[in-house]
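Colleague: Residue numbers (the numbering used here), protein chains in the order written: chain A, 242 to 686; chain B, 242 to 686.
Don't take every hint at face value.
It does not matter which identical chain is meant; a pair holds if it fits inside one copy or across any two.
Simulated pairs of lysine-lysine, DSSO-like, Cα-Cα distance not exceeding 27 Å [unchecked claim]:
hint	residue 1	residue 2
1	K380	K261
2	K527	K431
3	K590	K282
4	K528	K431
5	K380	K284
6	K380	K260
7	K356	K260
8	K514	K285
If you are wondering where the hints come from, they were derived from the structure by calculation, not from laboratory data.
Protein chains: 2
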Amino acid sequence: MVIIKNIQILPLNNMNKRKKINIAIVGLGNIGSYFYKYIVKNKKNLINKTKFDINKIYISARNINKKRSFKINKSIFLKNYLDVAKKKDINVIIELIGGSEGAAKKLVFSALRNKKHVITANKALIAKYGDQLSIIAEKNNVNLEFEAAVCAGVPIIRTLKEGLISNKNNKIYGIFNGTSNYILSTMDQKSLNFKEALYNAQTLGYAEAKPLSDLNGDDVASKLKILSSLSFNTYINNKISIEGIKNVDKDDIYNANLLGYKIKLLGVAEYEKNKIIQRVHPALIKKGSYVSNIDGVLNAVIIESNQLGQTVLQGEGAGPGATTSALVSDLCSVLRGNIKYPFVLPSKKRSRGNFKDISEKKFSAYFRLDVKDKHGVLSNITNILSKNGVSVKRLIQKPMKTKKNSSIVIITHNSDNRSLIKSINILQKKKYLINKPKFIRIEDI
Amino acid sequence: MVIIKNIQILPLNNMNKRKKINIAIVGLGNIGSYFYKYIVKNKKNLINKTKFDINKIYISARNINKKRSFKINKSIFLKNYLDVAKKKDINVIIELIGGSEGAAKKLVFSALRNKKHVITANKALIAKYGDQLSIIAEKNNVNLEFEAAVCAGVPIIRTLKEGLISNKNNKIYGIFNGTSNYILSTMDQKSLNFKEALYNAQTLGYAEAKPLSDLNGDDVASKLKILSSLSFNTYINNKISIEGIKNVDKDDIYNANLLGYKIKLLGVAEYEKNKIIQRVHPALIKKGSYVSNIDGVLNAVIIESNQLGQTVLQGEGAGPGATTSALVSDLCSVLRGNIKYPFVLPSKKRSRGNFKDISEKKFSAYFRLDVKDKHGVLSNITNILSKNGVSVKRLIQKPMKTKKNSSIVIITHNSDNRSLIKSINILQKKKYLINKPKFIRIEDI
Chain A
242 MVIIKNIQIL PLNNMNKRKK INIAIVGLGN IGSYFYKYIV KNKKNLINKT
292 KFDINKIYIS ARNINKKRSF KINKSIFLKN YLDVAKKKDI NVIIELIGGS
342 EGAAKKLVFS ALRNKKHVIT ANKALIAKYG DQLSIIAEKN NVNLEFEAAV
392 CAGVPIIRTL KEGLISNKNN KIYGIFNGTS NYILSTMDQK SLNFKEALYN
442 AQTLGYAEAK PLSDLNGDDV ASKLKILSSL SFNTYINNKI SIEGIKNVDK
492 DDIYNANLLG YKIKLLGVAE YEKNKIIQRV HPALIKKGSY VSNIDGVLNA
542 VIIESNQLGQ TVLQGEGAGP GATTSALVSD LCSVLRGNIK YPFVLPSKKR
592 SRGNFKDISE KKFSAYFRLD VKDKHGVLSN ITNILSKNGV SVKRLIQKPM
642 KTKKNSSIVI ITHNSDNRSL IKSINILQKK KYLINKPKFI RIEDI
Chain B
242 MVIIKNIQIL PLNNMNKRKK INIAIVGLGN IGSYFYKYIV KNKKNLINKT
292 KFDINKIYIS ARNINKKRSF KINKSIFLKN YLDVAKKKDI NVIIELIGGS
342 EGAAKKLVFS ALRNKKHVIT ANKALIAKYG DQLSIIAEKN NVNLEFEAAV
392 CAGVPIIRTL KEGLISNKNN KIYGIFNGTS NYILSTMDQK SLNFKEALYN
442 AQTLGYAEAK PLSDLNGDDV ASKLKILSSL SFNTYINNKI SIEGIKNVDK
492 DDIYNANLLG YKIKLLGVAE YEKNKIIQRV HPALIKKGSY VSNIDGVLNA
542 VIIESNQLGQ TVLQGEGAGP GATTSALVSD LCSVLRGNIK YPFVLPSKKR
592 SRGNFKDISE KKFSAYFRLD VKDKHGVLSN ITNILSKNGV SVKRLIQKPM
642 KTKKNSSIVI ITHNSDNRSL IKSINILQKK KYLINKPKFI RIEDI
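This is chain A alone, in the form it adopts within the complex:
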């Protein structure tokens, strides 16, 4: 190292001297198996792009004897996943167990404490323990990489942390869940009801057997918390409003179409009057707009910043191929020696942020009230809305298939979220309602 008047020339890690490292893959499900096979097949090609050679690939999974499409040499199999974190000749651990607690949590905490680089596809873990894990990684000067945890094939984490590092972001939003987007698109395009579309998605492998977190918004919420934290340089914050797509039915999609909208499940984190709001909910979006055209299992992320206006990233958000693309990108970053703070800034420089809940935010909204077609019902409804500060922009009443019932569709003017919810709660108790009232926000994007 040349020292000139207290200035040091950057240390040049000579790329020509190849160092050897060992990696361990923990968890051999759908993703893990695909990733393992990819690495074995493409090792040489990857090595060309980095400064380190991959020497040995260890594997740990629940059962070595499970039927697999490939053979596992016993010499690379580690029976106890927790040994992986302590094994001295392992440098990088790829955690593909999943879940925010239990084995995944134990492994990742232990690995970072033992100064191993960690790569994970586990959004629930990062959304819950990312801040704590980050502190350990920084202290021990190892990488904690989680590109695969958010929108898989869309390189949004790397883009926020590196490509757009100079940005002051005002808003980040988009479609972050391929399963629910596929279901909503199919309900729309093939006129299916929710159950049929879900079954369709499961048959094609776009939805798991137990797709709860995809449908109730939790999956999007985990991703949004991570994105929001990276976009605004804050710690991960749990103040977030979460609604899934389970209440959206065929009639809502039909009505939305008539009114010129598509229904999409959105994740949004944005500054409003110097405070950050995080929210996950289905929304009516004008047909023809960019987000309305994102169909099927695609994901899209839109970042709004002072410096760049709008930046958009779109791509495949799930599946073994897309997830492997993200994992390999993380692995190559580690193998290049690109040590960086997991959340861009050192933990102590990140801020708490000033978060507020959704209640004060104003929305125009779609209400659907299926009612008994009796005298006075309509006036009672409009009366309730008016009393609660919700004014009607558009109202359509149409007879339902079952005679003597009507479906009333209302588009409201901009009203604060609290008033909208309050109105729905009051309406919900009315005896003239024959179904649960529907309430979907309208998003002008």
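Starting from the known structure of chain A, arrange chain B on it as the hints suggest.
Modeller: This is chain B only, laid out in the frame that chain A set:
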């Protein structure tokens, strides 16, 4: 460094020990000035995200006394830009002179030879000398970064080199020039002719006083060569077909609209039968498709790969803010010690690639022939097309404003590029033509 049975633990560059480095900005035009002010203002914030402290910012420009919106302390001003490359206490040089020859070329070659990290926004230089520069950078183990050279605010270089590093790409294409896209969009939306739209763009600062390379396709060609090389792991290749937008007029835009198309200037690099074709030309694109909706100064890049299907990046492609975003992203990468091969692979591992020219490729195309309305003209035209292997899918003949003349618009079936060009060349010589015949390819994207 701990050595275990020939396995070395990754060297951990301790992020907590802050090293100081000096940078130099060479060229203080529109971009240089904005970037300098940005760095001065945001130095502290940037430093938090990297392992190095920026100690001193040197500047070199043609004239220190030129009127500027900020003051330059003489102690940081270097009169001779070539001194910058040799000055011992400078670690990173940001080249913002521009042009593939002359000062920029001398500076960058000299800087890399003197083991300085180089960041440049110079697409012409990289497209012409990128391969040579890359060899020097690798030999001296310094970075050569050029995110700002391609689509400015869209982090496509970093995404290809890092985020999508695992991909085998089949095609990369999109809208890479904001100026020409702005002109085409304005001609369409405001029914302006080319000159009016250009004047408009110049007034708003979206086109330079001499916008030649924006309009003749050269700017897109430079970007495409770089993207193609990064996408397919080949050396930069000059086999490329280039057409600009200067021949597109108001009538073509009007006709395109009638037929359900928009006209966009595309850059496309793609594998076709194991060979790579590079091409830049205006194209008719179906209305409602993603690319047809990219309006104004926006840029969009679409990558098609075996692993991920389609990945899209969209954002601001020009201007000081967007370019600074890219430069800062490069600077932070250098300041993080993220040394990498400028073109992903080591130079000797890149391939020559197998490139072929556009002539064998098949296109459906739009012809416009403004002709004297005489007997036999139409049959002569269709005869020429037929003889040259071009078959007509759709033909519209309409009278022109000047009586006795007609405009014949033809959409052809898929025909190879050679036949299309040959037909146009024959038609061009016919005395019944009153204007130069028009030929625009149709792109099914």
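Colleague: So which hints don't hold here, by number, going up?
Modeller: Hint check: nothing fails, all pass.
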